[in-house]
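So the chains spell out like this:
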Amino acid sequence: MKIKDGYLLREVAGSNIVVPIGEGAMDFSGVITLNDVGAFIWKNMEEDITKDELVRKILAEYDVDEETAKKDVEEYVSSLKGADLIAD
Amino acid sequence: MHKLRVADINLLIKYKYDTMLKQGAFYEADFEKPNVTIDIPDEMLEQWHKESPHLTIDDIEYVYTGASFYEALLHFNGFMLHSSGVVKDGYAYLFSADPGTGKSTHTALWQKYFGENNAMIINDDKPAIRLTDNKLWVYGTPWSGKTDKNINMKVPLGAIVFLERSENNWVKEIEPKEAIPLVMQQTIRPVEKDKMIMLLDMLDRVLSSVKLYRLGCNISDEAVEVSYNGIRVEE
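Taken in order, these protein sequences are the chains called A and B.
To convert, note that position 71 of the first sequence is 52 in the numbering used here; the numbers rise steadily by one, no gaps.
To convert, note that position 229 of the second sequence is 224 in the numbering used here; the numbers rise steadily by one, no gaps.
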């Protein structure tokens, strides 16, 4: 799974924000704000990746246990799916 | 073609209708090489006119030359904030809001309260902001929305204020995080990725370094007093 094309993640004044670019920019004028873990997951999902690989990446980057990492991944992936931001 | 210098950018620009002839006159300049050329073909103006028949061809030229300029501005560490900008004590204060909220009404109140020479409107609708020499400047431009209130000058940016109507007058400082979506609603959002990166990198600098406020205000002298005392730059 990966993030759909047409979005740009950038740090602005300490916040991780996502904005649509290209055709999507015409119909969505909002801004998505992500916390640091969310931004990390987003960046890694710009290329095709599995949930298990995401968990491993989080464990390598952050000082968290596997259970927390799995929970984070589940939560983020389901909210990204809910917002129709994932291309299968 | 006309030669204008807007926001310290040399523009070679084509226009022929009254509004641009009148508003452009204050920005005429002489230079050898333009930084930007704006040459919108007549057929495109006519096409846009067909799509928006409620506007005159004069309005269309004014709107689209402005849009072209503000898009080019992104390449010069700059962006447009949809706001009414008033200059007081050597700083520009930008009051930003959706059309019809009362940003021009509020800055007109400043002029009435302090006198027109002590509170000048640098641009009533679309001032340019640029980062040069590590400092943020506000510039007047010929494109000032429905009014002709704009002055060909540059002034340090004092504060950005998001204005809303309210029965009582109040000011609250806000964090950059809260200001990001507000600014994004009040600028031209570029479609191309490279231009969006330029805009966001500019906003990163602006929102990290300038004071940001929300202002709730009515139409009164007290609105000016609360606003001025709440946002003015302390020397």
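Do not rely on the hints blindly, as some may be mistaken.
Said to hold, decoys possible - With a Cα cut of at most 27 Å, we get these calculated DSS-like pairs of lysine-lysine:
#, chain 1, residue 1, chain 2, residue 2
1, B, K(-2), A, K(-15)
2, B, K190, A, K(-17)
3, A, K32, A, K(-15)
Keep in mind that the hints were calculated from the coordinates and are not lab data.
Because the structure is a prediction, the values reported are computed rather than measured.
| request: Please name the hints from earlier in the document that this structure breaks, with their numbers sorted from lowest to highest. | output: Hint check: 1 fails alone, others pass.
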